[in-house]
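Trainee: As a plain string of letters, each chain reads:
Protein chains: 2
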Amino acid sequence: MSLDKNWFTEEAAGAGCALSLKIVNKIHEEQTPYQLLEIYQTETFGNLMTLDGLVMLTDRDNFIYHEMMAHPALFSHPDPKKVLIIGGGDCGSLLEVLKHSSVTHADQVELDERVTRVSERFFPDLCKSNNDPRAHLHFTDGIKWIEECAPETYDVIIIDSTDPVGPAEGLFTSEFYHNCLQALGPQGVIVAQSESPLIHAHIITKMHKSLHDAGFVDTATLQFAQCSYPSGWWSATMGCKQGSLSDFRAQDAAGKRFATRYYNADIHQGALAQPEFLRNALDKNH
Amino acid sequence: MSLDKNWFTEEAAGAGCALSLKIVNKIHEEQTPYQLLEIYQTETFGNLMTLDGLVMLTDRDNFIYHEMMAHPALFSHPDPKKVLIIGGGDCGSLLEVLKHSSVTHADQVELDERVTRVSERFFPDLCKSNNDPRAHLHFTDGIKWIEECAPETYDVIIIDSTDPVGPAEGLFTSEFYHNCLQALGPQGVIVAQSESPLIHAHIITKMHKSLHDAGFVDTATLQFAQCSYPSGWWSATMGCKQGSLSDFRAQDAAGKRFATRYYNADIHQGALAQPEFLRNALDKNH
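Protein sequences, first through last, are from chains W and X. Start counting the first sequence at 0; every next residue gets the next number (numbering that gives the first Met the number 0). Start counting the second sequence at 0; every next residue gets the next number (numbering that gives the first Met the number 0).
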């Protein structure tokens, strides 16, 4: 079959596959100082946000991504109080972070203020904690923020970025991770979105190496399904300054006092399992 | 963007999403007695087989599906010797089953012989165990096969079927599962492909109920990414006649003497983790 003009389509760059979502209407379009931001009403996935034609999120499936960007990292730290989110302008990761009662302060550093303002309008459910007194929204360059950050400021750093091309490229370097290491307290944990295990395994293995080179003592990749991202399979890669990422607060996660739709303690443990091909590639990496 | 005629596109029925794969050529097409069978050479996913326009498999990502259809069920049985596969005409599940040295006899019952013959030609890697003396290929109706099967014939039954519409509909009923229960030995295990957790959670919860109604004492859904199936997220649901599916032979799986690309003992354990929304739906189910 071929799709008519009532479909939005994203071709995964160079991957020979494409995802399409059936559209009711385009309901917003603007050229921000950084990118083309569009919002579509879809037939079955709720609202859809794209940046320069690439899917950022849909109402229907963003819960998996945002829960997996926040909860495993926070339950891997013994007592996360101060959290930094770089990127994350749709505020979905921030919403999940603020579900943790231990958190006293969350800085979100997003380059493009328009992403957040448009999310407040079209994804209000994701932005309902933006006025939480613990939430501090900053619209500036995350790479510079980290360079200028006082040592040991944060317990957890979440890199909720776009793909490692263009402005986000600097968020995947060993130098950037080293600055994050400095900005983290002694028990600090970093997590970064790390693309598709099927299409981008080379990016994942390189991230592990860069995190180790930067001084993180343990690294681990979480895998999860994410329908609206290329290949439907996505990942987040964590690093910690001491201890082991397999020793997370499983009891606290099992007894969490907030609602989730995807995450739970078993899912956390399960997402840490490495597919055989990735395990082999990571073994060769060392 | 819109896709030109060099793409194969499958719209997930009623789900408002579609997957496309970039095509080099259509290399085979035939109307079998049962369905339209097409083979495409894709740009990056190797060969692609479709039946009536729906993706059955690609060279690139079928390993996840086939390994997850075979190994968790076989490592959930203490000593699987006799295995039945219903459907599975591409022979990928059979290939994985025969990697287990305990298996002495595998019956594969596929309705459409042409699926297997065409697979032998265009997916030779999946068919390389078809001449194994333990492999017995039958081309007939799986529902009838199970009805006429002597009690306690098999240790593991694998339902590697198409979607629960048309000919495969009868493979998702409580009556069919009850016949499978009869055909299984006292420690028998069944596994059936069970669609997408994102799109078809209602099918998964119904399958658990039907398996329990049929007499299986424990049920569990395995989740895994599968790029070329609708939503990129797929599942297989297991049932056992005694004991618990969480007590699989983890040590044997960790020490397996055959190669896999996705499956290992950690992946098995991890795939058993139920997303929170599915756990809640299954709890309500009981």
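Hints are computed from structural coordinates only; laboratory data are not their basis. Keep in mind that a hint or two might mislead.
[To be verified] Not everything, but these chain X residues come out facing chain W in the computed CB check (under 10 Å):
#1 2
#2 3
#3 8
#4 20
#5 21
#6 198
#7 201
#8 204
#9 225
#10 226
#11 268
#12 278
Heads up, the beta-carbon is just placed ideally off N, CA and C, and yes, glycines get one too.
Trainee: Checking hints one by one. Is residue 201 (chain X) an interface residue toward chain W, by the C-beta closer than 10 Å rule?
Mentor: Violated - the Cβ of residue 201 (chain X) stays beyond 10 Å from chain W, reaching only about 14 Å at its closest.
Trainee: Was the hint right that residue 278 (chain X) lines chain W, CB cutoff 10 Å?
Mentor: holds, 7 Å
Trainee: Taking the least C-beta to C-beta distance, is residue 2 (chain X) closer than 10 Å to chain W?
Mentor: holds, 6 Å
Trainee: Hint residue 204 (chain X) vs chain W: min CB-CB distance below 10 Å?
Mentor: Given a least distance of 15 Å, the restraint on residue 204 (chain X) is violated.
Trainee: Is the shortest C-beta separation between residue 225 (chain X) and chain W less than 10 Å?
Mentor: Status holds, d = 7 Å.
Trainee: Are residue 8 (chain X) and chain W close enough, Cβ to Cβ, to be under 10 Å, as the hint says?
Mentor: OK, holds: residue 8 (chain X) within 10 Å of chain W, min 5 Å.
Trainee: Please check whether residue 268 (chain X) passes as an interface residue: C-beta within 10 Å of a C-beta belonging to chain W.
Mentor: With Cβ-Cβ at 7 Å, under 10 Å, it holds.
Trainee: Hold the hint about residue 20 (chain X) up to the distance rule: shortest CB distance to chain W must be less than 10 Å.
Mentor: This hint holds: residue 20 (chain X) lies near chain W, its Cβ roughly 5 Å from the closest one there, short of 10 Å.
Trainee: Quick check on the hint: residue 198 (chain X) CB to chain W CB, less than 10 Å?
Mentor: Since the shortest Cβ distance to chain W is 9 Å, the answer is holds.
Trainee: Would you check whether residue 226 (chain X) satisfies its interface hint, that is, whether its CB is within less than 10 Å of any CB in chain W?
Mentor: Status holds, d = 4 Å.
Trainee: Quick check on the hint: residue 21 (chain X) CB to chain W CB, less than 10 Å?
Mentor: Cβ of residue 21 (chain X) sits 4 Å from chain W, so the hint holds.
Trainee: Given residue 3 (chain X) as an interface hint, is the shortest Cβ-Cβ distance to chain W below 10 Å?
Mentor: holds, 9 Å
Against the hints set out earlier in the document, violations occur for numbers 7, 8.
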